[in-house]
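All chains, please: the whole structure from these sequences, using the hints.
Residue numbers (this note's numbering), protein chains in the order written: chain L, 1 to 259; chain Z, 260 to 595; chain H, 596 to 853.
A hint or two may mislead.
[Claimed, not checked] With a straight-line Cα cutoff of 25 Å, these simulated DMTMM-like cross-link-like pairs (lysine to aspartate or glutamate) come out:
hint	chain 1	residue 1	chain 2	residue 2
1	Z	374	H	605
2	Z	280	H	765
3	Z	374	Z	420
4	Z	489	Z	332
5	Z	406	H	822
6	Z	397	H	728
7	Z	406	Z	441
8	Z	406	H	605
9	Z	397	H	682
10	Z	277	H	682
[Said to hold, decoys possible] To give an idea of the interface, some chain H residues facing chain L are shown, with a C-beta separation under 7 Å as derived from the structure:
hint	residue
11	639
12	640
13	641
14	785
15	786
It should be emphasised that the hints constitute simulated quantities derived from the structure, not laboratory data. Think of the CB as a built atom: it goes at the ideal place given N, C-alpha and C, for glycine as much as any other residue.
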Amino acid sequence: MSGGAGFWGVARAVAWRSTHNFVTNPALVLPAMIFPLFFFGAFAGGLSNIDSSPGFDYPNGYTAFEFGFVLMQASAFGGVFTGFGIARDFESGFGRRLMLAAPNRLGILGGYVISSLIRALMVMTLLFAIGLLAGMDVSSNLPELVTLIGLALFLNFAIGMWAAGIALRFRSIQAGPLMQTPVFLILFLTPVYVPRELLSSWVQDVARFNPVTPVIEASRSLIAGSHDGLLLAFACVGALVLLFGISAVTGMRDAEASG
Amino acid sequence: MSESASEWAIEVEGLTQKFRKGPLAVDGIDLHVERGEIYGFLGPNGAGKSTTVLMLTTLLPPTGGVARVGGFDIAREGGRVRSVIGAALQEAALDAHLTAREHMRLQTALQGVPKPERRARGDELIERVGLAEAADRKVGGYSGGMKRRLDLALALVHGPEILFLDEPTTGLDPQSRSSLWEEVERLADDEGMTVFLTTQYLEEADRLADRVGIIDRGKIVAEGTPAMLKAEVGEPSVSARAADPSDRGRLVEVLGRFGSASGPEDEDAAWVRLDPGCGGLVEVVRALDAEGLQVADLQLHEPTLDDVFLEKTGRKLEGAGEEQGDESGEFEAVSA
Amino acid sequence: MTGQLDSIYEVARRSFLRSMRQPAAFVPAIVFPLFLLAVNSAGLDAATGIPGFPTDSYVTFALAIPFIQGGTFTLLNSGTDLATDIETGFLNRMAMTPLGGPALLAGMLGGSMAIALIQTAFYIAIGFTVGADFAAGAAGVPMLFLLSLVICFAFSCVGVFTALRVGTGEAMQSMFPVFFVFLFFSSMAMPRDLIEQDWFRTVATINPLSYLIEGIRSLYVVGFDWEALGLAFGVSAILIAVFLSLAAASLRTTLVRT
Ligand SMILES: Nc1ncnc2c1ncn2[C@@H]1O[C@H](COP(=O)(O)OP(=O)(O)OP(=O)(O)O)[C@@H](O)[C@H]1O
Ligand SMILES: [Mg+2]
Numbered sequence: 001m002s003g004g005a006g007f008w009g010v011a012r013a014v015a016w017r018s019t020h021n022f023v024t025n026p027a028l029v030l031p032a033m034i035f036p037l038f039f040f041g042a043f044a045g046g047l048s049n050i051d052s053s054p055g056f057d058y059p060n061g062y063t064a065f066e067f068g069f070v071l072m073q074a075s076a077f078g079g080v081f082t083g084f085g086i087a088r089d090f091e092s093g094f095g096r097r098l099m100l101a102a103p104n105r106l107g108i109l110g111g112y113v114i115s116s117l118i119r120a121l122m123v124m125t126l127l128f129a130i131g132l133l134a135g136m137d138v139s140s141n142l143p144e145l146v147t148l149i150g151l152a153l154f155l156n157f158a159i160g161m162w163a164a165g166i167a168l169r170f171r172s173i174q175a176g177p178l179m180q181t182p183v184f185l186i187l188f189l190t191p192v193y194v195p196r197e198l199l200s201s202w203v204q205d206v207a208r209f210n211p212v213t214p215v216i217e218a219s220r221s222l223i224a225g226s227h228d229g230l231l232l233a234f235a236c237v238g239a240l241v242l243l244f245g246i247s248a249v250t251g252m253r254d255a256e257a258s259g
Numbered sequence: 260m261s262e263s264a265s266e267w268a269i270e271v272e273g274l275t276q277k278f279r280k281g282p283l284a285v286d287g288i289d290l291h292v293e294r295g296e297i298y299g300f301l302g303p304n305g306a307g308k309s310t311t312v313l314m315l316t317t318l319l320p321p322t323g324g325v326a327r328v329g330g331f332d333i334a335r336e337g338g339r340v341r342s343v344i345g346a347a348l349q350e351a352a353l354d355a356h357l358t359a360r361e362h363m364r365l366q367t368a369l370q371g372v373p374k375p376e377r378r379a380r381g382d383e384l385i386e387r388v389g390l391a392e393a394a395d396r397k398v399g400g401y402s403g404g405m406k407r408r409l410d411l412a413l414a415l416v417h418g419p420e421i422l423f424l425d426e427p428t429t430g431l432d433p434q435s436r437s438s439l440w441e442e443v444e445r446l447a448d449d450e451g452m453t454v455f456l457t458t459q460y461l462e463e464a465d466r467l468a469d470r471v472g473i474i475d476r477g478k479i480v481a482e483g484t485p486a487m488l489k490a491e492v493g494e495p496s497v498s499a500r501a502a503d504p505s506d507r508g509r510l511v512e513v514l515g516r517f518g519s520a521s522g523p524e525d526e527d528a529a530w531v532r533l534d535p536g537c538g539g540l541v542e543v544v545r546a547l548d549a550e551g552l553q554v555a556d557l558q559l560h561e562p563t564l565d566d567v568f569l570e571k572t573g574r575k576l577e578g579a580g581e582e583q584g585d586e587s588g589e590f591e592a593v594s595a
Numbered sequence: 596m597t598g599q600l601d602s603i604y605e606v607a608r609r610s611f612l613r614s615m616r617q618p619a620a621f622v623p624a625i626v627f628p629l630f631l632l633a634v635n636s637a638g639l640d641a642a643t644g645i646p647g648f649p650t651d652s653y654v655t656f657a658l659a660i661p662f663i664q665g666g667t668f669t670l671l672n673s674g675t676d677l678a679t680d681i682e683t684g685f686l687n688r689m690a691m692t693p694l695g696g697p698a699l700l701a702g703m704l705g706g707s708m709a710i711a712l713i714q715t716a717f718y719i720a721i722g723f724t725v726g727a728d729f730a731a732g733a734a735g736v737p738m739l740f741l742l743s744l745v746i747c748f749a750f751s752c753v754g755v756f757t758a759l760r761v762g763t764g765e766a767m768q769s770m771f772p773v774f775f776v777f778l779f780f781s782s783m784a785m786p787r788d789l790i791e792q793d794w795f796r797t798v799a800t801i802n803p804l805s806y807l808i809e810g811i812r813s814l815y816v817v818g819f820d821w822e823a824l825g826l827a828f829g830v831s832a833i834l835i836a837v838f839l840s841l842a843a844a845s846l847r848t849t850l851v852r853t
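Here you go:
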């Protein structure tokens, strides 16, 4: 990062504020925590029998299979919630105050990202705890586990950039559906319930070209202790980070330009 | 109902509303409204005007006291009360997604206007409140004044005998305000409708009302015709400014002859509240002349309803806020 | 009495018009169920290979879901509309007329039934378009309409009651996730006897939505399964009886006119 002390100083202040805001506000904490658990429960609980259908060959059981999806989904949605926070701040005029006060404006963005990562870590911790309690079978060693968490945080960063780009342009919480719906769509057009080979034809085609599919698949591999498709997954998220990062930074310029 | 019971359009005795988790909003008020009269119910924010209207229109059961509207008891004969009244409440209760004509269609049906007459009745009322041009536009796009006028028209659908208007002109520009005043006057004069109208504006009560009731913190502090109320506060007062400040002592002395309440005002001025039968401004001028006093400025002040309010409550009406009203209301309720 | 009927018709007409003029209210009722149907039937097609799965076309199995999801939108919309009427005072305006509370309720529910009828026709058409089986045959179509409308009516009663309780449109909207949870923890995606996890099967068995889904589904998958249909109508009737009387009682306190 080339912003120097200005960047980190601002980032730390903004991160502290929005993290503090998050943990002290039940209306923000509860949905962020409960939604992933809800999906985990509904999928892993309700559909587990589907692993007895022919061709379903994931070795670690259905709970672990769905955990691989829900973990990534939770971190992606954490990124969307970050966008909500930015939009709310700008709507209330707080964002404008930050812009006036901060010597380094990219630091503001950095601060939001850092708090988003902290939140994602909190949610993931909860998910792991519940997953293990539910008797999930994890075969990964420590480096694989760290890689898994790293991948999830990287995705959180990418989606956070996406949502920030929208939030900074619209600066209104009304843009919420615009941040949320595409993320929802792209996540559910991956192999959510079954391995890709078992999808029916058209979704299989969509899933093949969906950049999030390799991420979900790598997540499942890591839980099963394998490294299949890891590079592709990081490359896909890297590309998203680049794309949405540009959008967020130009969004910041847009917010600056409009005062 | 016997005819004698309907001598008054509205009779209220000891009407009270104590909200369960709120203040004693209306504290045992008494009032009477004659048939065909425009009654102005004047008071600051939070005084209890809307609460009174809600009770009289049967939308809120009173917690104490009795009231008859159109000769019917508001607590026991709600249905009959509703059949003789029309109301436009403080918030214009309209559906943003319907047009004025659709509102009319629904309202005429619900009020039991015979089917063949509904359309004509609706169009006539829309025309009368000046919304003919906008009749097929959705109400969501209306201005505040247009909404108010539609609300009024809807209240008139079934030709009510008694009309309740809760702050009908709040938020309107002067032009819309005076056209609404004209319509209200027309209803009272031409159709003999009784109008019970709440307002925060002195000017409105003064101009429109045959009689005024002033409410503050849930209590009626004064009632009568505007002229009577003002007379009660006193005769007009005169203030004068001496051309030469050193003359002020003599000025005070001369003015003092015309009333018991008088005194110096600022460095070169003095005032007096004229006693009844003292001859008025003309005599004051003559006396000043006779003394050879040079006067730079001479003014006659007619008392206003604001003076009435000031006299009765010790506060100015404008800006007599809800905050103070609330607390003392609560306090009185406890100590009573 | 004819006057009363006429008024009910006008109230119903108004709530129908109002809904049709708010695309934001009914477009999601069309789009969301279709999206879920597409994703689920493509993603879970493999489930038809599970031994004992009742049909070999998952989309046929999943078609019951849009009907129920549409029902939850009916619930949400009728609730939001009523809550808005309370907030704006429009309910007070109607209460000032000779119309009685029950007639008012009937009118509002009637309006949402008109919307429900359109939704139902749409979902049925979707079923035929995607080439799902319809085991009950031609005679099953009126039955499907009837059941779907009865279910929507039950949902509407829940919505009206909730609105009278929460009182604002915003609070009503924020109830949405609650109904979503009910939907997901039901036999929506898997027949109840094929759910492996005991806790989930228990939840789905308790969840009344399971029976509504299974009733609709039986017409698509089995034909006339009188047990499933009886349960679906029965559960709807209970919901209607409970929530309609609760709603009527709440309306009486909301319209505390004398
Ligand atoms: N539903 C309610 N519950 C509790 N308190 C209420 C309720 N409605 C009104 N009040 C209180 O009763 C008092 C009188 O209110 P009301 O609305 O009658 O005043 P108002 O004279 O109409 O004022 P405004 O000019 O602001 O319309 C206020 O203190 C108000 O806060
Ligand atoms: Mg008021």
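### Task
Could you tell me which of the numbered hints above are not met by this structure, giving the numbers in increasing order?
Checked against the structure, the hints that fail are numbers 4, 5, 6, 15, while the rest are satisfied.
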